[in-house]
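**Student:** Fit chain B to the known structure of chain A by using the hints.
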Amino acid sequence: MKALMSVAALIGAVGILLLAGMIVDIIPSNTVRLVEGYMPMQVLFELTLFVAGFTGLSYMLGSMGMAVPRFWQGILFWSFILLYLKYRVYPPIPFSVRAMYGTVSLIAVFMWVSANEEDWKKFKQPIMNILDAQTGANKLLRYAYLVLLPILIGGFSYNAMVPKSEEPIELRTVHPAPPASTKVHGKTYTLQTSQNPYRVNLEGKFDQEYSNANIVEQGMGRLMKPNANPWDKDAQGYLKYVREGGEIFFQNCHFCHGDNLNGRGLHAFAFNPIPANFTDPGTIAQLQETFIFWRVSKGGIGLPNEGFPWASVMPPWEQHLTVDEIWKVILFEYWHTGYYPRTWD
Amino acid sequence: MKNSFSLKAGALLATAFGIILVSGSTGGVAFAADALPEGFKKAELSPEPAADMIEAGKRVYFTKCVWCHGVDGAGDGPGADRLWPRPRNFNQGTFKIRRTASGELPLFDAKKPIPGQNDLFETVTHGLPGSAMPSWEGILTEEQRLQVLSFVTTQLVKDRKFTDKASESQTVLQLDELKPIAVSEESLKKGAELIVEKKCVECHGAEGRGDGNAFNLKDDWGFSIQPANWHKCWNFRGSRQDPYNVKNIFRTFSTGVNGTPMPSFADNSTVEERWHIANFVNSLCEREADGKPLSIDPLADKPKINFVVSSGVVEGEIPADPEHELWKNRARRYVAMGGQITHKPRNFVNRIDDIWVKSLYNDKHVVFMFQWDDRTKSVAEGKLPWAPTSVNVDVKEQDPKTGEEGSIASHQNNYTVYNDAIAMQTAVKWKELPAPIKPRYLFGSNEQFPVDIVKWEADGSLRAFEGTGWDKDFTQRDTYEENIKILHSEWKNGRWTVIIQRPLGNKKDQDYDEDTFFEMGQYIPTVFFAWDGHNGDAGRKMAVSAFYYTFLEPPTPREAYIYPVVIAFGVVLLEGWVLTRRSNKRKGKTL
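So the sequence lines, in the order shown, correspond to chains A and B.
Numbered according to numbering that gives the first Met the number 0, the first sequence spans residues 0 to 344.
Numbered according to numbering that gives the first Met the number 0, the second sequence spans residues 0 to 590.
In isolation and in its complexed conformation, chain A is listed as follows:
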């Protein structure tokens, strides 16, 4: 037990030092890097390590006779969570979301310190000691708190009232409701009934099963199926159109949506919000193919009123591409991300 705990304590101590060093820039901030593709798992793993580390640390300190009171343990752990969310997680989480996480973890800490009557008493003890001020040191502390608290709270409220230039928060509808039909290049397409004319099998028939069987595999890398290479000279039907769609994508779309369709193209860094990430399960994976057809054809300008504030520079691609080219690009996007388009039923 002791050996296990001392390993955990070591992890905790090293982790804290590393993190603190990286935040105050003593240790190069890229020593332990969060990589975009792995980030959620990395963060969960790190937090698990830290919790294990803290358990070890408190056990070891306890067995060395330097036990940290439950009161301070709770406060320290809570402030660790707040600081971690603020300084470690990137891109920065907005304050409102951090406040939510902070509240949840505060409740969790309270539940932990008040698990039973005895723990709760231990937790309250330092506060009561200060209030009662039985010893000289506590008396001193009580006066210090009496003076410091008003100053601190006054300072916070001053800080909140001084004019600051922070970006107004932008809320927008990510997937506004589509119209019933859309007119592109003079032809009207009913969204509910239209189909991608290039989602076809070798016989040239619309075949969702066939195309779904030939998309890239899910999992790291999202690679094509070994026997479904769109660049095969003999590729016919669906795969041939995927290649043609890819050609159009890499002449028009990748500048923003990126070589890996993850919204990190060449120009993406200049825009706000950054372009849509198609590899995210929240974008094309949960939309119908005809919805994409409408969005691609009409662009940011074609967004309905509830699409305010129109924070989209997506052009109406009907200006640049034919209807066939738009369908092929959509075919390629689903192929490359390995998602099936959602159907209407």
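Honestly, the hints are just simulated from the structure, not real lab data.
There could be a bad hint or two in this list.
[Unchecked claim] Simulated pairs of lysine-lysine, DSS-like, Cα-Cα distance not exceeding 30 Å: (1) K120/A / K586/B; (2) K186/A / K471/B; (3) K163/A / K291/B; (4) K491/B / K198/B.
**Tutor:** The following block gives chain B in isolation, referenced to the frame of chain A:
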């Protein structure tokens, strides 16, 4: 399944024998160490990657890479023609970012994904900042990255062979062992002298903005290429996640950039000299006012962006001299620029990728100072064939096919020269649009929500327009033009500095329906546009920023001093109440 497994095992065995053979036969070869350039060491060639790695790599290549690098790896995929710099042509085995000596193949070993020992692996992992090559870290696994490189180095590099000992050698820069010389005034002074002595300035320009001999340089394939701008270190190839590291500059300078006019200086400079140069070049990279590196967004690998351009208040006249103390002390804002690729003529290859903006205001005017790097001062010769208000101008956008007339490759550096220009677009009736809502991005929504565009061009003109839609011609606003003024405009060593003064506007004297009203303490949606005349930029072929906000800093209101005191007093009362309660409770009394 069983089949592929036995194939794998067979290939592994074959490579194992290969390694033994190779290591056995090179044992006796001795090298003349003194012939090597300083800081380099001879190394062995790496063994050939296993056959199953190559086969697996093909799958990665044809899913991810073929779109730009082409079926045969000749850098001619469908995406290639609208990219600049172009995707790498693998066939000749010419690679830019290496630790190996000039002309040699880069380090690559399919079994060693170790930073510092595997140039190609690092290139794929981190991408090449400043080009379209993205970082594949987090997208492809390490294994997949090694696989695709196994395929590229054996199948697509056609003119050379990574394992051919007769023709290839590896002389490796010992970058990890060489200790950088600490930055000091003396080192920087030496570096500044050396870049003149080594003729760096001839191409990179007197202040290192890549504005030297920028228009006659070609790479090995005849495509035009431009010298690096030392002020944007985050665009240096090989700089991802750590752009202010001198080692990256040291490596480029020591090994050269194969396939480009950038030579290796390993033979004619000592290691010490190279560190001085690296220190100096690094010192030119843009920094905060206090000398600290800019903070870099780890996801975009560019400086972090703040979308609020705040304007500071000034008593009296706003100076026209950019060297004036008021301007020097004013914080500047980094504004990222992308190509305008939404409406024709599209600008796939934008040469201006950022501008710096500062702003000051007094009781009458708001003044903006724009600074941006542009390798050339471009002023149109003769009269432009369209009116200043024309929006749908007839400028050719890049044509798709290389080799055909009008393609990027044949046009680069060969455009009709138009004016360099900068413009800011602000919403006119922004007050009727609650805070997050903005007019349509490009040139306004419609007659009801127009935008106000103030545009300066390098021929000295400063014009004001009203825009009512992306395809509607502007209306020129002569009455407003009388009120705007160009305080300063200068192009020097690859950088424009332009200062534009415009009225604050107020409801009484100015017509609010036509002008943007710059109201203190409010967020005014603002977009910046920039044109590089030597890139054929005109009309909608331009660089654009996202929506920013102009914010005139208000003075601190009196409430900010009063309320905190009241609140603090309240806290004191609260404390008193808690303490009394506690002591009463202890004494057994109840309230």
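**Student:** Determine for every hint whether it applies to the structure shown.
**Tutor:** Hints versus structure:
no. : hint            : verdict
1   : K120/A / K586/B : holds, 20 Å
2   : K186/A / K471/B : holds, 25 Å
3   : K163/A / K291/B : holds, 23 Å
4   : K491/B / K198/B : holds, 20 Å
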